[in-house]
Structure formats: C-alpha cells, structure tokens
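Visitor: The listed protein sequences correspond, in order, to chains A and B. Using this note's numbering, read the first sequence as starting at 1 and increasing by one per residue. Using this note's numbering, read the second sequence as starting at 1 and increasing by one per residue.
Among the hints, erroneous ones may be present.
[Claimed, not checked] Counterexamples of contact, computed for chain B against chain A with all Cβ distances above 10 Å:
(1) Val155
(2) Ser179
(3) Ala187
(4) Val473
[Stated by the list, open to error] The following label-pair restraints were derived from C-beta to C-beta distances:
(5) B:Glu244 / A:Ser146: 30 to 36 Å
(6) A:Gly112 / B:Ala290: 44 to 50 Å
(7) B:Val396 / A:Ser169: 45 to 51 Å
Hints were generated in silico from the structure; no laboratory data involved. From the three backbone atoms N, C-alpha and C, an ideal C-beta is built for every residue, glycine too.
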Amino acid sequence: MVLPAALPSSVVPPSLQELAERIRPVVLARQAVVPVLEPLERLMPDGGLIRGSTITIGGVGATSLALQLSTAASQSGSWVVVVGLNDLAPVAVLEANLNAERIAFIDPGNSGRHVDVLAALIGAVDVIVLDARLSLRPSDGRRLASRLRERGSILIVVSPGGTVNPSLSADLSLTVSDAQWEGLGCGYGHLRSRHVCVGVNGRGRASRTARCELLLPAIDAQVAIAESEREDGTVVAFSR
Amino acid sequence: MNVRTLVVLCPDWPVIATAASADEAVAVIAANRVTATSPAARAEGVEVGLRRRDAQRRCPVLHIVDPDPDRDARVFASIAALVDRFTPRVELSSPGSLAFPTLGPSRYFGGDEPLAGLVASEIDNALGSSGWFDAVGVGVADGIFAATRAAELAVARPGHVSVIPSGQSAKFLSPFPVSVLGRPELADVLYRLGLRRIGDFAALSVDDVVARFGIEGRFLHRLARGIDDRPSSVGPPSRSFDVESVIDPPAERVDIAAFAARAIADDLHDRLCAEGLACTRLLVVIETDAGERLERVWRHEGALSSTGIVDRVRWQLDGWLNGPSAQRPSGGVSRLLLVPDEVMPARGRQHGFWGGETEADERAGRALARVQGMLGVAAVTVPERRGGRGPADVVVRAPFVGIDGDDGQGRGVALDAPWPGRVPSPLPTLLPTEPLPIQVLDARGASVWVSGRGTLSAEPSMVRFDDAARGDVSILGWAGPWPCDERWWDQLTHRRRARLQLALADGRALLVQIEQGSWSVEAIYD
Chain A
1 MVLPAALPSS VVPPSLQELA ERIRPVVLAR QAVVPVLEPL ERLMPDGGLI
51 RGSTITIGGV GATSLALQLS TAASQSGSWV VVVGLNDLAP VAVLEANLNA
101 ERIAFIDPGN SGRHVDVLAA LIGAVDVIVL DARLSLRPSD GRRLASRLRE
151 RGSILIVVSP GGTVNPSLSA DLSLTVSDAQ WEGLGCGYGH LRSRHVCVGV
201 NGRGRASRTA RCELLLPAID AQVAIAESER EDGTVVAFSR
Chain B
1 MNVRTLVVLC PDWPVIATAA SADEAVAVIA ANRVTATSPA ARAEGVEVGL
51 RRRDAQRRCP VLHIVDPDPD RDARVFASIA ALVDRFTPRV ELSSPGSLAF
101 PTLGPSRYFG GDEPLAGLVA SEIDNALGSS GWFDAVGVGV ADGIFAATRA
151 AELAVARPGH VSVIPSGQSA KFLSPFPVSV LGRPELADVL YRLGLRRIGD
201 FAALSVDDVV ARFGIEGRFL HRLARGIDDR PSSVGPPSRS FDVESVIDPP
251 AERVDIAAFA ARAIADDLHD RLCAEGLACT RLLVVIETDA GERLERVWRH
301 EGALSSTGIV DRVRWQLDGW LNGPSAQRPS GGVSRLLLVP DEVMPARGRQ
351 HGFWGGETEA DERAGRALAR VQGMLGVAAV TVPERRGGRG PADVVVRAPF
401 VGIDGDDGQG RGVALDAPWP GRVPSPLPTL LPTEPLPIQV LDARGASVWV
451 SGRGTLSAEP SMVRFDDAAR GDVSILGWAG PWPCDERWWD QLTHRRRARL
501 QLALADGRAL LVQIEQGSWS VEAIYD
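If we strip away everything but chain A, and leave its shape as in the complex, we get (with noise of 0.2 Å):
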C-alpha cells in the first residue's frame, strides 16, 4: 500500500493505518493477469494481459501480434473471440499455436449489432479480439469500457496496417513498425521470418515509451526476441 506523500507514515494515526490495510482490494488490479508468451513479457508493463483493459495494435504486422498476445491465455483455457476482421486466415490461428477448440470467429456483417455481440461476450469470454474497422460511438466506447473493468475480459484492437478507433482510449497501445522479411531471395528460399520494432505506449506505468524488437514470427512460426537485441541490449524494454 502506497501512503500519500504528504503524510510520512510515521505522522498516521495508527487507526487509520489499520482502516487503509483493511480497504486494500484483496487483489490489485494488475496483479489479475493473464499470461503471456515469454517473448511477449517485456512488452508488457506488468508481465501480462491486465484484465480489464484495452490494447490497440496497429502497423504491418499487427494481426499476428494480437494472435501471439493470445497464445497463452488459450493455452491455459480461455476462450479466444474474433469479432469481425473477416479477411482474418484460420489457419494463422491455428498456427499460432491458439487452442482450436476454445476459438470462435463472430462476423457482424452490416446488421450494426457489434455493440450488443460485445456486450454479449464479455463477461462471458476472457479475450476478445475486434476488428478496428467496426466503428464505435464514443459513448459505446467508454460503456463498453467500464463493462470490461467490471467483468474482467481483454479487448485487443486490431487494426491491420491502419489507423486505431479513436472512441475507445486505449490503456496499452502497440505499434508495430520496420518489418524485415528474412528468408526471400531473389527467385529462391521462401519467408522464414519477419524482424519487428514493436513501439509501447499507454497509461499509467506503460505511459513512459518502450520498444522492443522482435521475431514475428520466428523460424518456428511463433514468435522470439530479436538477437540483436539480445547481444547488445540496448533497446529500452520494462523492468519489473
């Protein structure tokens, strides 16, 4: 528990200090996390998916981010949703590593009922992920917001290769730049994998700016950190 500053601890009353041990929450917001894939920790402020939150992942390369950021919690029994994102391969899910058996793809078509399908998943469902281009009010935005802080789902934003929804603030924003495909030649080889700059930013600890670099994907189509970074070490990434 933090104190204010302005009172040093030794000036509180000592029942007020029992009070503020007694009002903890159990559980603090950030210690509900849902993992990731080890590659993926460092992009994350606190070494996972917060429940409740919101990520937007934008740039070339974004879908496959918001796959890989995943990967785990399917792993571990939760239920992955795609809203929209129509263009979205099955096969990249499954190649993802994603649980084939806890995945569903929901396409809103033009009915304009994304709003009450999201309404509907969460809760219900731990990771959803939705199609940047399904427009939102701003009000539907911050509802859908306070909906999520209050049953604990993750909404991850995608929008592939353009611009994020503006209507819902983001508590983690991820932008993937600087992609460089290995294993193409001219006329031989096939790609292997991808090289990419993943730019972190957003409220509260995220709100100070990282970048990591990553495989995206790695050899293995999953995903690693870039050994560039790991022999120099240069590149700024969270410490916890």
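Given the coordinates of chain A, assemble chain B onto it according to the supplied hints.
Guide: Below, chain B alone, put in the same frame as chain A:
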C-alpha cells in the same frame, strides 16, 4: 423379455412441422447439413447429409428452413393427442416418433393389425387434411428397435402398416445393413470384416462380440438378435425420485412455467446424479388450476440431462398451451410433476481433469449461442481442419454448433498431413475477402507471366495495385513460381494457377497468384 411395441414414425416430421405444402421442395438444414427433406426435394436429389450448397445446386428452388425442435414438438403434440385415444401409455422419443406397448389396446381393438390400421388411418387423415398424405408409418414388432424399422418400411406401403409376427423380429431384421444400428464407427468396422447384414452380426457368438467390442458391442448384438434395446440394468428406480413444483399464482405463459420446471429439473438431475443414476424415461405431469391434467412419457436413447428435461417439459407445455383451441386448457398451469419412470446406472460424463469441459466453456457457449440468436446461426464460426495446399484450404470456418466435449482434438484432419506443393509455413494471416487484382511488372515495366512449363517470363521487380492510393511498390525479394494444378479430374472445381511469394519495400509480404493470365493477391502476411 421383449415388449410388443407399436411405433408411429413420421420421417419427414421436421419438414411437416414447418407447415409447408406437400408439393414444395423444402429442406431443414442444421450446421450446413441437410437433416430432413420433403418428398418433392428428394425427387430432385436432395438427400439427408448433403451440404447446403450441394443441396441448392441440385435443386435451385429449394426452400431452406432452420431447425426448430420446439416447433417440431409443439406441432407433434396434436399427433400424440390422436394416439391418446387408443392408449394412455404413449411414449414420445423425439418429435416425429412415438411408441406404445400394444398388449392392452390390441386385445381391445381385435389384434395388432386392426389396431395399427386404425392408428395409421387416423394419423394419415389428420396429416392429409393439410396435404401430407403418405407421410406416416406404423410398425408393430417385438421391441422398439424392430418396430421402428418396420415403421420405416411401412411409410411407403399402401395402408402404412407393417406388422412383424411375434417372435419373428430377429428374422425380420437380418437382411438390413449393419448401418441401421446407428453406430457409424461400428458399422464401418463390421463392413470391413465382411459382416454386411444384421443377420451376419447376430450370428456371431456373444462372447466373441463382447471380447472384441465390449459392452456397447453386446448391446448392439442384442439389438441385432431382435432383443429389445433395453439393457437388463434398466428398470424402475428403487425409490421415488419424484419432484414437483406448485406454481402460485398459476402460470398462463409457457416461459413462466418452464422457469419453474428448470428448478425442479436441476433438483431431479442432481438427486439422480448423487445416486449414480441417469434417467432414460421420464413422466411429465402438468396440471392446471381448473383441474385439467396432461401426462406424457418422454423416452431418451442416452440419458436425459437437466436441460434435456426442461426442453421436454417446455415442448409439452408449448404443445398444450399453444395447441388447437379444442385441446387447450382453460386455466393456468398450477402444478408440475416429474417422475423418472426408468433409470439406469449413469455411465457419466467424465469432466476433464486438466481442462476438458469447464464452467468457462459453458459460459462461453451460452454467450455464443446468444450471439447466434442476434446475428443468425451462420455468423458464429469455428476453425475446422480440412487440409489443402493454399492457406484458405487448410483450415476453414465451420458454423458453431454448441460445445461438445467428445468431439475433442480430432476435428478434421491433422495440419501436417502431406500435401505436396503446399505453401510453406509460416502461413499468411489475412485472406482478402474480395479479389484484389494487381499487376506484377519486370524492371522495364512489362507484365510478368508464367509459361505453361512453370517458368517466369522475367524477374518481377514491381507490384502495381489497382487502386491509386497504394500505387506502385518495388519488390525486395521473391520466390516461385510454385505451380499448382488441383482437381484436374473435375471440370467444375479444377483450378490451375501459380503462386509467387513477394516481400515488398514497405515491409509487407504477399502471396500472389496468377490464374488464367491475371494476377491477384491471394493472401497477406500481416
């Protein structure tokens, strides 16, 4: 000992229940597969088990209906009411089929054949008044399995009656193929062992069958020998498990009464579970405050779950409260009574120790079902492995049909089955929903093409997108062409194309294909 049983069967019931006219081509499609058809649709070649698209191809005017067990059961209540005049001991197994033991009624009506004839003509007239003549079959035999087979045959016969003399069930069953036992895996094994008819299977010794196929094999072997399908362990419960609910004030609407049913169904199910029992036959009694009373016996092949019990109560309520006005009760529902009539030791459903079906699955299943209610059944899909060369073929989206624990990991074929010439891993993540035509140009700006022998006309150096916003992007690396000539034996689905993998200067990578001389983006590595 076998009970002489009469079975009434309407094979097309899900279609009849939609109130379609008899000469219309109608099919009920659940989870993309045809589950029931009308005679007119069958004449066009629409069969049970076809995919939706194949069914539509065979019969373009096909009218497609979503399955609705509630509707089926509601309409079938009127048929059950007709049979009620012959006997009070009617057992409903599913909408479209009912059974009763003939011992008493057949003495009263002068034998099995007159009884079956009366039942058949009564129902045929009732269905015929809405145009559905010849849609019912009535079979009488020793045991429900043989009687059901007899009823299936009777549908096509004049008079719609087929009576198998007492003691002749085994002989009657022997020429049927083993697939009618209703266990496709077993039928497949038996077929490959050279046992193609039920008679061949029945001729095996019990010991051999048990040694090879276990308890389930013994059960099916009994069926094949014309011995009633009830295992000897099934019987009336040793003590009373009756549960009742008094509804005060009386419920006028189905949903209110069904809500009360849910609580007692859970209670009944829990009490049976605690004793290690499962209910296979359930008596549902509904009483109104005006003193009317409707009893129905519901039979289930496996074991009724608590939602299964609630469904049956709701079907019964729905059929009564919203049925024809002559049969409708005058008061509200004041009392519900559930009596498990027949129980058997529960084989149980083993919940996964690590994972398996959990509460989270149940919650997610409910939410997804709700979304299906909002957007339609086809809007919620799950991945299904199919196998193939292109990224779009390996895994496809299949409609979500509830969470079933036993389907497990085996859905579809393995990802690593050999598909020579498939696109190498990692696979692309985005498949454009609309075709994205492009031009692939060489260093001098001329179009690149692939020859019939699978060679490129020149090295590709630039991609030109059709929309001006993206413009031209130069190519950093490329691989291919990978020719792919698929399904050349079938004119309709034959595809011949060549693929190129491209890494572009703006960091994107594409899988592009040339088919019939024009390039398009097949998939994007995002």
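Visitor: Does the structure break any of the earlier hints, and which numbers would those be?
Guide: Failing hints, ascending: 5, 7.
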